[in-house]
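Participant: Since the structure of chain A is already known, use the hints to place chain D on it.
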Amino acid sequence: MTILPWEASRKRAFIIGLAPALLVLGAITLLPTLALIVVSFTPLSLTDPINTFHFNNPLGNYRQLWADTRFLNSVSVQLKLSLSSVALQLVVGLGVALLLNARQAILSAVRAVFLIPMVLPPIVVALIWKIMYTPEVSPLHRMLENVGLPVESLITNPDMALWAISFAETWQWFPFTMLMVLAALQMMPDDPLEAARIDGANRWQIFKYIVFPYIRPALVIAGLFRLIDSFKAFPLIYVLTNGGPGTVTEVTNFYGFIQAFNFSYWGYASAIAVLMLAGAFLLSWLISRWGGHHDDE
Amino acid sequence: MYQAADKQRHRRRLIQTMAIAGATSWFPALVRAKDQPYQGTTLNVSLFNGVFQKLLRPLIPEFEAATGIRVVYDTPSFPIYNQRTDLELSTHGAGLDVANVTFIYSGRWIGSGWFTPLDSYLAERTPSDWDLEDILPGARAPETGKDGKLYGIPWNVDVVLAAASRFDLVQAAGLGFPGTTDELLAVLKAVNKKDRSAGFATDNHYGWTFPPYLYAYGGSVFADAPDNLLPMLDSPEAVAAADYFAHLLRDYGPSGVISYTTDQTVQSLKSGRTNFSTIGQSYVSQIGDAASSKTVDTSAFGLVPQGPKGRFPGVAVHALGIPVGSKNKDAAWEFIKWATSKEIALRAVQAGYGSPARRSALTSPEYRTRQTINGYDLGALAIDSVDVAAKGGYMKYRTVPVFPQVDQQLNKAIELIVSGQQNAEQAMRLAQAQSIAELKRAGIKL
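Chains as they are written, first to last, in the working numbering: chain A, 944 to 1240; chain D, 731 to 1176.
Incorrect hints may have been included.
As the list claims (entries may be wrong) - Here are the computed lysine-lysine pairs in the BS3-like style, where the Cα-Cα straight-line distance is at most 27 Å: (1) D/Lys1057 <-> D/Lys1126; (2) D/Lys876 <-> D/Lys1067; (3) D/Lys1000 <-> A/Lys1073; (4) D/Lys923 <-> A/Lys1073; (5) A/Lys1073 <-> D/Lys1170; (6) D/Lys1024 <-> A/Lys1073; (7) D/Lys879 <-> D/Lys1067; (8) D/Lys879 <-> D/Lys1059; (9) A/Lys954 <-> A/Lys1151; (10) A/Lys1175 <-> A/Lys1073; (11) D/Lys1072 <-> D/Lys1059; (12) D/Lys784 <-> D/Lys876.
Claimed, not checked - Facing chain A, from chain D, some residues (calculated, C-beta under 10 Å): (13) Asn812; (14) Leu817; (15) Pro857; (16) Ser858; (17) Asn922; (18) Asp925; (19) Gln997; (20) Ala1143; (21) Ile1147; (22) Ser1149; (23) Asn1153; (24) Glu1155; (25) Ala1163; (26) Ile1166.
The set of hints was computed from the structure by calculation and includes no laboratory data. Remember, it's a predicted structure, so these values are computed and weren't measured experimentally. Ideal placement from N, C-alpha and C gives every residue a C-beta, glycine not left out.
Isolated chain A (complex conformation) (with noise of 0.2 Å):
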């Protein structure tokens, strides 16, 4: 009897209290997803907005979308991209993260110096990494040239171009990766590393069977936050590649990008933007249920 009223006034106090966060979050992220969702089953076109805003053929954007073959390509060059450079920045963000996991000065130094690309603004990013792949002005085409092994444009080559954009990324986001898991080490207790060392453990075996699964759940989470923010690149192809050679680099967003502002197609890009939306969602269930699923174990 006396338990219930309690339970309901928490609920209520909870209701309250997160009420106003709740309003501004419907209106800052949930109204323009659905005006998002809504532009998505008009062929708007903002040439002329008038007579395109209609419902007549609901599902027109998202039929020619399953037809479109750039759409469906930059489908591909997402996931590869995604893929690519977010395997590249658990590996060197980890690597980096286990040499650099030590109490001493010079190393807290260090790591701010890795921290360095994370904190700049992506287009200056960008632009540090078109000098570098421009053979004319880039210090490392030059180098390669000098001790004779000259390298053709990267960035041109069809069979490189996205590796290039990969590892710029990578660049870019491993630190990112490498302060998860510093967290995750320098909270690790010494006890059962000590009690390893004792029974005899190498530092592979140590590496393998405490110190791995204690950092996996950080390394699961970056790995969700990467994967999802990695749909979002667009700087770094627009400045280096402009989706090119042809398509090749021409990931969904960019394609979306195309389609709203330079061909104001801004039903066609909506349907791409909540497909876009869509993908992200299943990616991040799919990977919290498998993270969760070897949390339990």
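Facilitator: Coordinates of chain D only, in the frame set by chain A:
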């Protein structure tokens, strides 16, 4: 009594003095208000970055001082400007008061009713000696809507010219300036990579730099623009032209040539790292800038090469217009009137600008002097090019509202061929199919 009367007189005099002082201090403001009706207005002016735009910037304080108008002058790069302005115009926003009417967007922006007709401003707010007729009629044509009204005042007529930065290498090989597509190939074969200079580079906006070759080979962008907009990108002539053009870039271009923008191309020509190019006159003329160019004395210029079906130099016109959403249209007109005046055109020419739209500037002795580089008269080449384009009428393809969609397919097609992903036939067939899909999405009946 006397003292009181004196005090009163003194007070009256003080009030009179204050009143006179007040009136005097207000008077200039009253005079200014009459001469400067837009004083205190802030104008947002945006053009893409270029030579004229840079020359205009230091002159703007003069306009501000004369009118009391404050100008916020923004000149982003060409693609950024077009994307940003396209969005701003499409929403009828009030963010821009004066905007550049970009040539490839002119049909779309004017046709969609996104710019203000300027006829009434010309009739009612412009002195006759400002002289609209002085602006080349060919330049005014793309700024004229279907209703016959003028929507932009041209400040630029740019033509595609051929340039060689290391013509000394060509002469050393016993050859002359190439006049045809075959001669260009022969010259490139002879000079490519000589003295660390690549043969050929051009702006990777191939929707602009490729059509002179497309038409030279007998191809066309549309079946019959603006009446029949069926793309013609997979015709045998178009495929042959794409194959030829891609061959120039792939086999004679510097490493990474398909990432070259106009600025990169010009820098490469000025440093002598690339020998030949076909790009806009306002850019090739920068080779003649002795302060930044190493190749002034070895440069040579000519018309774009003639192909099997003739010579088709590209011609582009850029103009200033007033977006319909602007809240300061009258003040905006004052800026346009000033920026496109005879005086500003002449001052720009004196400072080295090579592509004015005013006949008085084009025929001025200053223009001839400035645009003669290493003995080559770029002005004469430009006028010849404009004449060829005016007679041929082939530039109509460029001002149809849906050209930006096809423009992009041309960019992609040339990239695909040069990077070896597809041959010319495959790439142009893909460009044709995707152009048709885009045009259908825009509601064009084909």
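Participant: Against each hint, give a clear statement of whether it holds in the structure.
Facilitator: Quick rundown of the hints versus the structure:
1. Among the hinted pairs, D/Lys1057 with D/Lys1126 is inconsistent with the structure: their alpha-carbon atoms are about 32 Å apart, more than 27 Å.
2. Distance restraint check for D/Lys876 and D/Lys1067: the Cα-Cα separation of roughly 23 Å lies within the 27 Å cut-off, and the hinted pair is therefore satisfied.
3. For the hint pairing D/Lys1000 with A/Lys1073, the CA-to-CA distance comes to about 21 Å; that is within 27 Å, so the pair holds.
4. Only pairs whose Cα atoms come within 27 Å are accepted, and D/Lys923 paired with A/Lys1073 is accepted, the gap being roughly 24 Å.
5. Distance restraint check for A/Lys1073 and D/Lys1170: the Cα-Cα separation of roughly 36 Å exceeds the 27 Å cut-off, and the hinted pair is therefore not satisfied.
6. With a CA separation close to 24 Å, the supplied pair D/Lys1024 and A/Lys1073 stays within the 27 Å bound.
7. Taking the CA atoms of D/Lys879 and D/Lys1067, the gap is about 17 Å. The hint holds against a cut of 27 Å.
8. Restraint check: the Cα-Cα separation between D/Lys879 and D/Lys1059 comes to about 17 Å, which is no more than 27 Å; the hinted pair holds.
9. As the CA atoms of A/Lys954 and A/Lys1151 are separated by approximately 44 Å, the hinted pair breaks the 27 Å bound.
10. Our distance criterion of 27 Å between C-alpha atoms is met by A/Lys1175 and A/Lys1073, whose separation comes to about 19 Å.
11. A distance of roughly 22 Å separates the Cα atoms of D/Lys1072 and D/Lys1059; the hinted pair therefore holds under the 27 Å criterion.
12. Of the pairs offered as hints, the one joining D/Lys784 and D/Lys876 is violated, with about 33 Å between alpha carbons and a cut-off of 27 Å exceeded.
13. Of the supplied interface hints, the one on D/Asn812 holds, with its beta-carbon coming within about 8 Å of a beta-carbon of chain A, less than 10 Å.
14. Because the closest C-beta pair between D/Leu817 and chain A is about 6 Å apart, less than 10 Å, the hint holds.
15. Against a cut-off of 10 Å between C-beta atoms, the interface hint on D/Pro857 is violated, since the closest Cβ of chain A lies about 36 Å away.
16. Evaluation of the D/Ser858 hint against chain A yields a violated restraint, the C-beta minimum of about 36 Å exceeding 10 Å.
17. For D/Asn922, the shortest C-beta to C-beta distance to chain A is roughly 15 Å, which exceeds 10 Å, and the interface hint is violated.
18. Taking 10 Å as the C-beta cut-off, the interface hint given for D/Asp925 is violated, the closest approach to chain A being about 16 Å.
19. Contact between D/Gln997 and chain A, as hinted, is supported at the beta carbon level, the nearest pair being about 8 Å apart and thus within 10 Å.
20. A distance limit of 10 Å between C-beta atoms decides the matter here; for D/Ala1143 the minimum to chain A is near 8 Å, and the interface restraint holds.
21. Taking 10 Å as the C-beta cut-off, the interface hint given for D/Ile1147 holds, the closest approach to chain A being about 9 Å.
22. Among the interface hints, the one on D/Ser1149 holds; its C-beta lies about 4 Å from the nearest C-beta in chain A, closer than the 10 Å criterion.
23. Taken as an interface hint, D/Asn1153 does not check out: its beta carbon lies about 13 Å from the nearest beta carbon of chain A, beyond 10 Å.
24. Hint on D/Glu1155 is violated. Least Cβ distance to chain A is approximately 15 Å, over the 10 Å limit.
25. Interface hint status for D/Ala1163: upheld, as the beta-carbon distance to the closest one in chain A is roughly 9 Å, under 10 Å.
26. Checking D/Ile1166 against chain A: minimum C-beta separation of about 13 Å lies over 10 Å; hint violated.
Of the numbered hints stated above, those contradicted by the structure are hints 1, 5, 9, 12, 15, 16, 17, 18, 23, 24, 26, listed in ascending order.
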